[in-house]
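So the protein sequences, as listed, match chains S and P.
If you're matching positions, the first sequence starts at 1 in the numbering used here and goes up one per residue.
If you're matching positions, the second sequence starts at 143 in the numbering used here and goes up one per residue.
Hints in this document: simulated from the structure, not taken from any laboratory.
Ranges of calculated distance between the beta carbons of each label pair, as one might list FRET restraints:
(1) S/G72 to P/C386: 22 to 32 Å
(2) S/A127 to P/D504: 51 to 61 Å
(3) P/P254 to S/D119: 20 to 30 Å
(4) S/S29 to P/R523: 36 to 46 Å
(5) S/T78 to P/V541: 56 to 66 Å
(6) P/E520 to S/D119: 33 to 43 Å
(7) P/H581 to S/H70: 15 to 25 Å
(8) S/D119 to P/D504: 45 to 55 Å
(9) S/G72 to P/E520: 38 to 48 Å
(10) S/H70 to P/T186: 33 to 43 Å
(11) S/S29 to P/A377: 37 to 47 Å
(12) P/H581 to S/G72: 22 to 32 Å
Not close to chain P: a few residues of chain S, all C-beta gaps over 10 Å, as computed:
(13) D5
(14) E92
(15) L94
(16) L104
Listed next, the stretches of chain S that the computed footprint assigns to chain P, with coverage defined by at least 3 CB atoms under 8 Å from CB atoms of chain P:
(17) 26-37
(18) 40-48
(19) 78-91
Model, not experiment: these values are computed from the prediction.
Here a beta-carbon is modelled for each residue, glycine too, at the ideal position from N, C-alpha and C.
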Amino acid sequence: MSNSDFEPRIVAFLCNWCTYTGADLAGTSRIQYPPNVRIIRLMCSGAVDPVYVLKALLDGADGVLIGGCHPGDCHYQTGNYKARRRVAILKETLRQMGLEEDRLWLRWISASEGQRFADTITEMTAALKAMGPNPMRREWAV
Amino acid sequence: MARTPKVGVYICHCGINIAHTVDVEEVAGFAGRLPHVAVARHYTYMCSDPGQNLIKQDIEELGLTHVVVAACSPLMHETTFRLACQEKGLNPYQFEMANIREQCSWVHAAGPETTEKAKQLVASGVSKAILLEPLAEREAEVTPAALVIGGGVAGIHAALDIADAGFRVVLVERGPALGGRAMQLHKTFPTLEPVAGLIAPLIARLLGHPRIEVLTEAEVTEVSGYYGNFEIEVAIRNPQSAICNLQVGAIIVATGYDLFDPTALPEFGYGQYPEVITGMEFERLAAGGEITVNGKTPQDVVFIHCVGSRDAHRALPYCSRVCCMVTARQAHEIQQRLPEANVTVLYMDVRAFGKGFEEFYDEVRREGVLYRRANPSEIIRRGDKLIVRAEDTLLGEAVELPADLVVLAVGMTPRADTEKLAALLRLSRSPDGFFMEAHPKLRPVDTATGGVFLAGCCQGPKDIPDTIAQARAAAAAAMVPLMRGKVKVEAAVAFVEEELCAGCGVCAELCTYGALALHPVRGVMTVNPVLCQGCGACAMACPSGAMNLHHFTFDQVMAQVDTLVGHLS
Ligand SMILES: Cc1cc2nc3c(=O)[nH]c(=O)nc-3n(C[C@H](O)[C@H](O)[C@H](O)COP(=O)(O)OP(=O)(O)OC[C@H]3O[C@@H](n4cnc5c(N)ncnc54)[C@H](O)[C@@H]3O)c2cc1C
Ligand code: SF4
Ligand code: SF4
Ligand code: FES
Numbered sequence: 001m002s003n004s005d006f007e008p009r010i011v012a013f014l015c016n017w018c019t020y021t022g023a024d025l026a027g028t029s030r031i032q033y034p035p036n037v038r039i040i041r042l043m044c045s046g047a048v049d050p051v052y053v054l055k056a057l058l059d060g061a062d063g064v065l066i067g068g069c070h071p072g073d074c075h076y077q078t079g080n081y082k083a084r085r086r087v088a089i090l091k092e093t094l095r096q097m098g099l100e101e102d103r104l105w106l107r108w109i110s111a112s113e114g115q116r117f118a119d120t121i122t123e124m125t126a127a128l129k130a131m132g133p134n135p136m137r138r139e140w141a142v
Numbered sequence: 143m144a145r146t147p148k149v150g151v152y153i154c155h156c157g158i159n160i161a162h163t164v165d166v167e168e169v170a171g172f173a174g175r176l177p178h179v180a181v182a183r184h185y186t187y188m189c190s191d192p193g194q195n196l197i198k199q200d201i202e203e204l205g206l207t208h209v210v211v212a213a214c215s216p217l218m219h220e221t222t223f224r225l226a227c228q229e230k231g232l233n234p235y236q237f238e239m240a241n242i243r244e245q246c247s248w249v250h251a252a253g254p255e256t257t258e259k260a261k262q263l264v265a266s267g268v269s270k271a272i273l274l275e276p277l278a279e280r281e282a283e284v285t286p287a288a289l290v291i292g293g294g295v296a297g298i299h300a301a302l303d304i305a306d307a308g309f310r311v312v313l314v315e316r317g318p319a320l321g322g323r324a325m326q327l328h329k330t331f332p333t334l335e336p337v338a339g340l341i342a343p344l345i346a347r348l349l350g351h352p353r354i355e356v357l358t359e360a361e362v363t364e365v366s367g368y369y370g371n372f373e374i375e376v377a378i379r380n381p382q383s384a385i386c387n388l389q390v391g392a393i394i395v396a397t398g399y400d401l402f403d404p405t406a407l408p409e410f411g412y413g414q415y416p417e418v419i420t421g422m423e424f425e426r427l428a429a430g431g432e433i434t435v436n437g438k439t440p441q442d443v444v445f446i447h448c449v450g451s452r453d454a455h456r457a458l459p460y461c462s463r464v465c466c467m468v469t470a471r472q473a474h475e476i477q478q479r480l481p482e483a484n485v486t487v488l489y490m491d492v493r494a495f496g497k498g499f500e501e502f503y504d505e506v507r508r509e510g511v512l513y514r515r516a517n518p519s520e521i522i523r524r525g526d527k528l529i530v531r532a533e534d535t536l537l538g539e540a541v542e543l544p545a546d547l548v549v550l551a552v553g554m555t556p557r558a559d560t561e562k563l564a565a566l567l568r569l570s571r572s573p574d575g576f577f578m579e580a581h582p583k584l585r586p587v588d589t590a591t592g593g594v595f596l597a598g599c600c601q602g603p604k605d606i607p608d609t610i611a612q613a614r615a616a617a618a619a620a621m622v623p624l625m626r627g628k629v630k631v632e633a634a635v636a637f638v639e640e641e642l643c644a645g646c647g648v649c650a651e652l653c654t655y656g657a658l659a660l661h662p663v664r665g666v667m668t669v670n671p672v673l674c675q676g677c678g679a680c681a682m683a684c685p686s687g688a689m690n691l692h693h694f695t696f697d698q699v700m701a702q703v704d705t706l707v708g709h710l711s
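Pulled out of the complex, with its shape left as it was, chain P reads as follows (with noise of 0.2 Å):
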């Protein structure tokens, strides 16, 4: 049978973001007297060329059969050491990660007590990577199209991208028209072109393309199947309702923004008095014409920044992102149409980061928009004006400012929906509700759910330039299986011991997956390893120990569970 394991254990450094809380050489001698271990090293970053080649170098010169990196998390690097195993002719999944990053060196103090815990993390690792065993990596065929959920400038871009390339594309649109929020605006920062007019013959080119299909007042109600065949069912309601049953070989999510709610801070007196604006009621105010509050010309014009922003208590801890440049814009847009009328932004930062922003805000500065620090505390009625009350922050003193209309500017919200599209695509959200990416900063467009990939505002605020790069960047994610035409199917699947199986039935019943089946003639269970998921729910149900999941099984868990408490009895 297998030979007698040559285990290779390498301790990362990671710079020193685990050598200073862990002390790296005390584990690298540590896990070189363990069994089985034929040499353990540590390097300042495995995950480097030279740290790679150290690895690579043993394989080929001692003979190594299992590698375990105590590094970083496995959903970090674990393909990066994964590959650089099967370079070297050696099974991928032979390959075993301990995690003394994330749950070792940077959640504890620096001490013995820590790196204990890491000795018994790569003890614990190399227990479980003793018994890998390899497993063949298997593909599966990619139905060739895509669904776009969504029909802003997001889904309409990565739309286009994907269907150019040649493939078929399926745009669900939740409302009857195209564009997104999008439409609604009246011009763009800070190049003040109309939005529509760049938008329009987007959307034109989209319904007259032959190789997408878009269906608008319709969503998307039931999602199953696997990266590369998704089988998706969709709903239109419109007068003509019917259900659409699609299929599909990858998903981008596109669904956009919603906006704060500004009644939820009452101090601004939003929906008490109707001069009171958000940014986006700007928007229709400035395209309709003259531009008039109460039929009159205003003459004192207040902006507000961060409304609902940067707030962790009362509202949302985060930054929009456009707003800063949205009331610049506004503020101009004003300054240019009134030049009579006193323009003042209250603001608590500026933030100018974009390509020309900084120029914009300095221009409009010029222009005569007043810009003042100021924490505004509430907004008061004074005869035919309304009054803002604040703190200017740089004066340290209070001000009242009269104002004819105030234009607040509210930040974005994820989608009211975005929980109900999260449970069907097994999305996760991260802290400020938006879709999470898969990593935030190596895998900005990709989920944790192989196929689905993230366009836009949905995955959080972003403006017009932004939204379009993610857009394509996801259309071209996407666009890899489809034209490889086939993508890798989990190896780490449910398997069948058939001598000790009974053929009692249970596993079957706990798959969600249709995975199991009953062999007809020799009545012991099967498993359809391109069905099969590996939750390993049918293993951890099975009375006769018959079932069991490659990569995590019984004798591995239980071998780990043995390392780390054995010693305590």
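With the rest of the complex left out, here is chain S (with noise of 0.2 Å):
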């Protein structure tokens, strides 16, 4: 597969009061953005259980975005900091699989910021179309 004509497949694990409000402020917005991403509702950031971020990866998925309230403004209060620490062993985790720890990223986007959702997923497209397909990917195909 050449680089040119791969498209990235991105899964988002966002936190039902920030960033999936975000996302929609985007929608409302009519604010345009790579159709690359596919978007899991989850209560809080703090709830991305690490396996889920594993599962995505080894099944091939180029990049996982979580997405969560700014700092302090978490609806439980400190979701986001515990997503903050998990993300942080989790690249240790990648690194050590072999697979580029830049293909997880955590973002703060609140409910107001539909224009940085749309961004944030127009970097990480772009961002994930230069890195290239997810090895995961290739090493499982048949």
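Reconstruct the complex from the two isolated chains, following the hints.
Rendered as structure tokens:
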């Protein structure tokens, strides 16, 4: 697969209160972004089990985005700090597995930041295109 | 155990909102071939009565066990469809929504990729749906009292309504006095009544009300608990300073607005020339007897509209809604009291949208106030006059207007400490910085935090009648739980599979709400479902996989991931 026609697949785990609502605002404001992202709604970024992320990347997703409220704004007070610690460990795990740690993004996007959500997906899609397909995809492909 | 799932899938066109970029027929065909899907339909408006009836009929006739609607955001219509399911005896938690409007059709161009994405979102929803279990909706008792934060026009009205209905109200006001900004106004548009005269009797009634407690020079410092049972800490900062603890069932935020600071736009010379004042300062000038500037009666008076407003690059992007009419009222005041004066209003547009506004604006122009569509560029001093330099945008020429008094119609801004209160109450802010309502069209007084409501200018600029309308609406909304005495509590809470739990206690340490405790005899973790808020932090951390979150279980999320990426490798 050449990089030019490669369309990365992103799985996004978004907290209900901030980033999911921010993604909705991008929609109501009709802000266009690439269709490469698939959103899974969770109640809080602190509920993202590392296994979800690993499963997504091992099964061939090119990138995973975790979206939560800005520090201090988590609806459950501290879920996003828990997510931040978890992501640091996950990145280390990815490195050990020989995967680029930049396939995992953690972003704080509030309910009013529809533009920021759209920009994040645009940037992430471009970054993953440059990085190329998840090597796991090639390894597993028959 | 559970019966084999039988899923109904419904793809909404949303008029053309979805159908113009997503091939809904193709998505429905695809959905119909997914495992366990008994029926897949598409329809113009799923949320309409006939749309909902499709679901109800299928539940009845086909015996559906789960329903998936692919339409707008669940934040918009999840409740609508849950109720439809419930009406036909299906547990509302066996319903799932796929967001193919806000997160698909509205943000991508028409084409096969957009339809493909919609298909996958539907498949992801179905794979979760078949694992959804019925949950019991439970209720908690409500503390029959309300907290009102802010004692302006909004807070006063909300407090009076709730107390008149028979509930205890605590009103917390930061300043030493009640009435807020309205008490600083000389008169109100378009009726020209003195404002203080309208507000003072309300304040008197508030202070004498047997069910209202007013705490002035006080601020909310801590909020815990949840809808129906909030625990509030208030710090009173006057000579008898004290800390009070309150329990309330609902909270109304009515903290009002600050004013745009025109020193941010140096061309207007505010702070440099004493003859340049803000609209709010004009109120004081007009209330104080004879109108003089530097000891003299002004001959030339210039009002400037939209100072700092509708200017996304340098100041506030939004319109403050009141300034056009405030300026008309103030120009009228000058023209009436100083008939010899030349009164000019420089405007971008005149927005006279309210009841009686256009008529008032016409009258002010008939009286002799000159309205000029102009773009002011700077104010300079020449002799004992100020000169307002502007471009007349109708004539397309530069003009210079002499002035003894310049009044800047500055807009409203969010309170400087909005961020702090937002964090305490877990509220969001809209892009303009004001507190954000739960939905811009459908839920203008609710917030995303259950039991917390918005009233007045803290939600965005508005005049006094709109402030009162929203305050009384917020009061009515807050009284629903107070009157019922009960609120629904989150059914999607954590649960433990006891046989897997090692009793390590890791989860309990992570829970911010103290909802988890080891069973004293069995040594396994137990969940207090009233305290649990359903954040899922415990489930994610459990090393044994024993802790789980209802409605977002490990298996349900893994099924979604599998559907979305499983086919890639
Ligand atoms: C120059 C000018 C002229 C106007 N003229 C008119 C007019 O002629 N007619 C008209 O209809 N409207 C007019 N308005 C609009 C009017 O002022 C508002 O509609 C109205 O005052 C809004 O009331 P409120 O209760 O929402 O806010 P506010 O009046 O701002 O009251 C909020 C209260 O909350 C308190 N507070 C703030 N933060 C906290 C906190 N953290 N804790 C506790 N308390 C807090 C404040 O001290 C204040 O008492 C004018 C506005 C301006 C700027
Ligand atoms: S973390 Fe898991 S194993 Fe440990 S006490 Fe909690 S539920 Fe039990
Ligand atoms: S889901 Fe959140 S609130 Fe509920 S018990 Fe677990 S950590 Fe506590
Ligand atoms: S609720 Fe958004 S990060 Fe916790």
